[in-house]
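Heads up: the protein sequence lines correspond to chains C and D, in order. Under my numbering, the first residue of the first sequence is numbered 1, with each subsequent residue one higher. Under my numbering, the first residue of the second sequence is numbered 1, with each subsequent residue one higher.
Rather than coming from a laboratory, the hints here were simulated on the basis of the structure. Since the model is a prediction, treat every value here as computed from it, not as a measurement. Be aware that one or more of the hints could be misleading.
Said to hold, decoys possible - Cut-off 25 angstroms, straight-line C-alpha distance, at most; resulting in silico cross-link-like pairs (SDA-like, lysine to any residue):
(1) LYS315/D - GLU375/D
(2) LYS422/D - ILE23/C
(3) LYS88/C - LYS458/D
(4) LYS315/D - GLU369/D
(5) LYS312/D - PHE102/C
(6) LYS15/C - LYS276/D
(7) LYS15/C - VAL114/C
(8) LYS393/D - LYS427/D
(9) LYS374/D - THR294/D
(10) LYS198/C - ASP154/C
(11) LYS276/D - GLN163/C
(12) LYS3/C - THR294/D
(13) LYS15/C - ALA272/D
(14) LYS458/D - GLY358/D
(15) LYS298/D - LEU108/C
(16) LYS422/D - ASN33/C
(17) LYS204/C - ARG293/D
(18) LYS71/C - ASP154/C
(19) LYS47/D - ILE212/D
(20) LYS210/C - SER296/D
(21) LYS91/C - VAL124/C
(22) LYS356/D - ILE420/D
(23) LYS312/D - VAL114/C
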Amino acid sequence: MAKILIVEDDVNIAKMLEATLSIGGYDSQRCDNGRRAVDMVTAQTFDLVLLDVMLPDMDGFQVIKAIDKEKTAVIFLTALQDVMDKVKGLKLGAEDYIVKPFETVELLARIEVVLRRKHKSTNVIHYGDITMNMNEHTVKKGEDYVSLTPKEFDILAFFLQNQDIALTRERLLATVWGYEFVGETRTVDIHVQQIRKKMGLHQKLVTIPKLGYRLERISE
Amino acid sequence: MKLWQKIFLCSLALVILAIDVTSVLLLSNSHRLTVMREEQNAVSEHKYLSAMLKDNVIFERLRQNKVLLSPEEVIEVTQSAFDPQSGSRTVGLSLYTGQRRLLSYNGRTEQLEVSILQSASQSGVLNQVQGLGGYALEIVDDGSASYLVVISQIMLENQPYYLMTSSDVTEIYTLYSQQLNYILVMSIICATVIASVLLVVVWLLLLPLRRINEGTQQIARGNYSRRLPETGSTEFLQLSRNMNEMAQAIEQNVQELESVAQDRSTFIANLAHEMKTPLTSILGFGDLLRIKRTVSDKERQEYAGIIVEETKRLKTLSGKLMELITVGSTQLDWQTLPLTGLMEEVGQTLQIALSKSGVTLNMRVCKTEVTVDKELFKSLIYNLIDNAIKASKAGQEIEVLAEEENGVLTISVKDQGIGIAKEELPKITQPFYMIDKSRTRKAGGAGLGLALCAEIAKLHGAKLRIESEPRKGTCASVIFDKREEMR
Numbered sequence: 001m002a003k004i005l006i007v008e009d010d011v012n013i014a015k016m017l018e019a020t021l022s023i024g025g026y027d028s029q030r031c032d033n034g035r036r037a038v039d040m041v042t043a044q045t046f047d048l049v050l051l052d053v054m055l056p057d058m059d060g061f062q063v064i065k066a067i068d069k070e071k072t073a074v075i076f077l078t079a080l081q082d083v084m085d086k087v088k089g090l091k092l093g094a095e096d097y098i099v100k101p102f103e104t105v106e107l108l109a110r111i112e113v114v115l116r117r118k119h120k121s122t123n124v125i126h127y128g129d130i131t132m133n134m135n136e137h138t139v140k141k142g143e144d145y146v147s148l149t150p151k152e153f154d155i156l157a158f159f160l161q162n163q164d165i166a167l168t169r170e171r172l173l174a175t176v177w178g179y180e181f182v183g184e185t186r187t188v189d190i191h192v193q194q195i196r197k198k199m200g201l202h203q204k205l206v207t208i209p210k211l212g213y214r215l216e217r218i219s220e
Numbered sequence: 001m002k003l004w005q006k007i008f009l010c011s012l013a014l015v016i017l018a019i020d021v022t023s024v025l026l027l028s029n030s031h032r033l034t035v036m037r038e039e040q041n042a043v044s045e046h047k048y049l050s051a052m053l054k055d056n057v058i059f060e061r062l063r064q065n066k067v068l069l070s071p072e073e074v075i076e077v078t079q080s081a082f083d084p085q086s087g088s089r090t091v092g093l094s095l096y097t098g099q100r101r102l103l104s105y106n107g108r109t110e111q112l113e114v115s116i117l118q119s120a121s122q123s124g125v126l127n128q129v130q131g132l133g134g135y136a137l138e139i140v141d142d143g144s145a146s147y148l149v150v151i152s153q154i155m156l157e158n159q160p161y162y163l164m165t166s167s168d169v170t171e172i173y174t175l176y177s178q179q180l181n182y183i184l185v186m187s188i189i190c191a192t193v194i195a196s197v198l199l200v201v202v203w204l205l206l207l208p209l210r211r212i213n214e215g216t217q218q219i220a221r222g223n224y225s226r227r228l229p230e231t232g233s234t235e236f237l238q239l240s241r242n243m244n245e246m247a248q249a250i251e252q253n254v255q256e257l258e259s260v261a262q263d264r265s266t267f268i269a270n271l272a273h274e275m276k277t278p279l280t281s282i283l284g285f286g287d288l289l290r291i292k293r294t295v296s297d298k299e300r301q302e303y304a305g306i307i308v309e310e311t312k313r314l315k316t317l318s319g320k321l322m323e324l325i326t327v328g329s330t331q332l333d334w335q336t337l338p339l340t341g342l343m344e345e346v347g348q349t350l351q352i353a354l355s356k357s358g359v360t361l362n363m364r365v366c367k368t369e370v371t372v373d374k375e376l377f378k379s380l381i382y383n384l385i386d387n388a389i390k391a392s393k394a395g396q397e398i399e400v401l402a403e404e405e406n407g408v409l410t411i412s413v414k415d416q417g418i419g420i421a422k423e424e425l426p427k428i429t430q431p432f433y434m435i436d437k438s439r440t441r442k443a444g445g446a447g448l449g450l451a452l453c454a455e456i457a458k459l460h461g462a463k464l465r466i467e468s469e470p471r472k473g474t475c476a477s478v479i480f481d482k483r484e485e486m487r
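The shape of chain C in the complex, shown without the other chains (with noise of 0.2 angstroms):
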């Protein structure tokens, strides 16, 4: 389970971000000041550090030169929209740059995709008796191997990524047909419906009236 420590100054956003990265299924700390955080960051290790650039003490652009970048990666989170902020951001060595208010999944797909650029995060995922390589690009129910389109696998596994979580249809639109694509919610349905059939998640992938779909994790 990967690490992750908050930095914010504000408590509900704190708040908030604990119990977002708890359904995401990671274990994280919280610290409201830049100076104690550099010292959390040397004395334990980290996976990831969720960084507001505006903070007592020291501000998010000097914690971040004293964490090394090589053990940790660093999310800015941040009220700062100008260009500017975000490209020093960056060239400090973080890893995104998200600007508040962010929704919660968008964060959760974040956190996913730098972590597994990290090598942090499993490539192989379980769930039930279906088998996702991430690596390979294959699907396995049981032994067999099962043929999806590439739209119908990313959809998948950002279900398996996202498990317990209502994922409404405009967020499974912009995370796998990209925010550029206008097209209608139906291709969302129709293709939820291929993989229900395909991988046998009938009873699993539950529609959510007036939202979306969500997976039920599997208790074990």
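The hints should help you fit chain D onto chain C, whose structure is shown.
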């Protein structure tokens, strides 16, 4: 045409004209004098000749003892008198009767003499010379030489004759034209020398102008800190000084505009930050409530609680923001009201906040009247007392004091709270400036209160003064100078 070219050409033309006119005038005057002297010489010689002719005729008549000599004898007599006159300029001597030439000493001028005689008789000059002592002067030019011709009528033996003497004055005219040529050459040389000197002088004189030009160009291109060197003659000095004053005014204005723009962009950046922080929590917790499969009662209460709290924060922010915007743009409603009433109204509205925090409020207000916008003034006092409450702990006191002295009304709000560090004091009236963000937010503030107070005080022509000592307390005073208001 450029200024230096104009100055150069004008002065060059004027100088050369002056030199040429003067020398030509001098020359022609001296020439005129020379000609006059020559004429006088010629006339006196002519008179001497005519007198000699008459004498000779009389002498001959007496010698022959005749009553009258015949014309032939007269000619004979005169011929003998026509000896070359050495040392005189007279080159021709002739005697005519009517158009007929009787005697000639020099053949050179014969042709000329005939034409002179003709033109003289035509123009009536000959009639003028009739009578004793009259004579006519004529200067003629045959192309190669100039002659001064004198004609007069003499009576010899009761017969009228015309005596014509001519002298060579070529030299005078040659000299004159030589001197004219000399002047021409000299004026060309002078022009060249003067031109080169003028060029240098004009260039040197206009050097400061060029420097000013260069400097103003730089200023115009946006280098507002550039100043012109204040050198050169008085006019340029004045010009540079004025230009510098203008540049300084521009620089000041630009700086002011820049700082206004800077303030505005800081304000907007801060505003965006202040709005996004609660929005992030609201969106995040709202999203969690929406997408989570199971939400426990405890979680639901916590999430919803935070959403409500953050929404309230946004509400406060937007309210204060609206106030701040309206303060700057609305028409003020001036009223003259008793101060005690106003202060009591504010005290009433603060009752709940006071009892909640356990802080006591002591008000001592002198009896006076103030001319203010009622709502804004109340908002000002409210904010100051509200700040004091937020800075105080339960059991502490807040003292509100209003006193008037020599027309200066001071309303001060004094608490015994946490105080403000010295280095923070200049910044506290900036919008969104919060010394302790988490404290401010817990107290429901947006960091706009003092900015609003400062704005209201400014509109009322009052001063906002804040003195503080950490852990001892803060004293915020609003100072109304009523004497100034009267004016």
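Honestly, which of those hints from before does the structure not fit?
Those not satisfied are hints 2, 3, 4, 9, 11, 14, 18, 19, 21, 23.
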